[in-house]
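Chains as they are written, first to last, in my numbering: chain P, 1 to 113; chain G, 114 to 230.
Hints listed in this document are in silico derivations from the structure and should not be mistaken for laboratory results. On a predicted model such as this, the values are computed, not experimentally measured, just so you know. Cβ atoms here follow ideal geometry from the backbone N, Cα and C, with glycine treated the same way. Watch out, some of these pointers could steer you wrong.
What the hints assert, rightly or not - Partial selection, computed: residues in chain P whose CB lies under 7 Å from chain G:
(1) Arg95
(2) Asn98
(3) Phe103
(4) Thr105
What the hints assert, rightly or not - Over the 10 Å line for every Cβ pair with chain G, so calculated as not near, a few chain P residues:
(5) Asn24
(6) Glu66
(7) Lys69
(8) Gln71
(9) Thr72
(10) Ser80
(11) Thr102
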Amino acid sequence: AQSVTQLDSQVPVFEEAPVELRCNYSSSVSVYLFWYVQYPNQGLQLLLKYLSGSTLVKGINGFEAEFNKSQTSFHLRKPSVHISDTAEYFCAVSRSGNEKLTFGTGTRLTIIP
Amino acid sequence: DSGVTQTPKHLITATGQRVTLRCSPRSGDLSVYWYQQSLDQGLQFLIQYYNGEERAKGNILERFSAQQFPDLHSELNLSSLELGDSALYFCASSVASRRGGITDTQYFGPGTRLTVL
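Just need the whole structure built from these sequences, with the hints factored in.
Here it is as structure tokens:
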């Protein structure tokens with residue numbers, strides 16, 4: 001079975017500052033890794049995904065994430081945040097395509113003007 | 114807009130009642146997933162259907178059931194509702210071509226917010 005840990009439940013960041021949201025996973029097999037964003041009162045939108053290949057993955061809205069197999073981590077980063085990035089961010093893992101996603105508990109990102 | 118639609122958007126009902134949530138996947142998507150998002154349990158996988166057949170089951174209560182119809186839309190039925198069933202219910206779909214080839218991305222609908230009073 002797979003599991004995902006998001007260590008930070010809330011992260012406040014000043015506008016235009018960099019941010020890193022942490023995600024660690026546990027699995028006995030190779031997995032696919034995802035970051036989803038949930039804006040207030042909306043559904044989940046895919047930010048980026050890692051399937052294989054290059055460990056640095058670029059996504060939408062200027063976000064990127066780095067897969068680190070030895071540390072079983074998939075941290076999300078953005079060099080300069082904007083007010084519009086205020087949302088909840090979920091890290092997720094699946095064993096393969098066409099299988100369920102296992103989500104972390106989410107990190108609420110708050111941007112301070 | 115992900116292309117996945119869910120109705121209704123909001124549902125308020127009483128304990129002991131039964132409700133049906135509906136999901137229309139993106140055009141051509143064969144897989145439909147149901148997830149529950151609640152404050153105490155977070156985002157949990159309930160059940161997956163693939164081309165009309167149940168493919169995987171997660172933490173779905175016996176009071177809950179689902180099905181996928183020939184036109185690929187899906188319904189989640191919740192019965193004997195309890196206060197603790199209040200949550201946001203998401204449907205997601207992914208492409209799994211009838212010709213083979215599977216993609217990895219699940220696209221989520223806007224959710225149905227269920228309130229049980």
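Going through the hints against the structure:
no.	hint	verdict
1	Arg95	violated, 11 Å
2	Asn98	holds, 5 Å
3	Phe103	holds, 4 Å
4	Thr105	holds, 5 Å
5	Asn24	holds, 16 Å
6	Glu66	holds, 19 Å
7	Lys69	holds, 18 Å
8	Gln71	holds, 23 Å
9	Thr72	holds, 19 Å
10	Ser80	holds, 27 Å
11	Thr102	violated, 7 Å
Hint compliance for this structure: hints 1, 11 are not met, and every other hint is.
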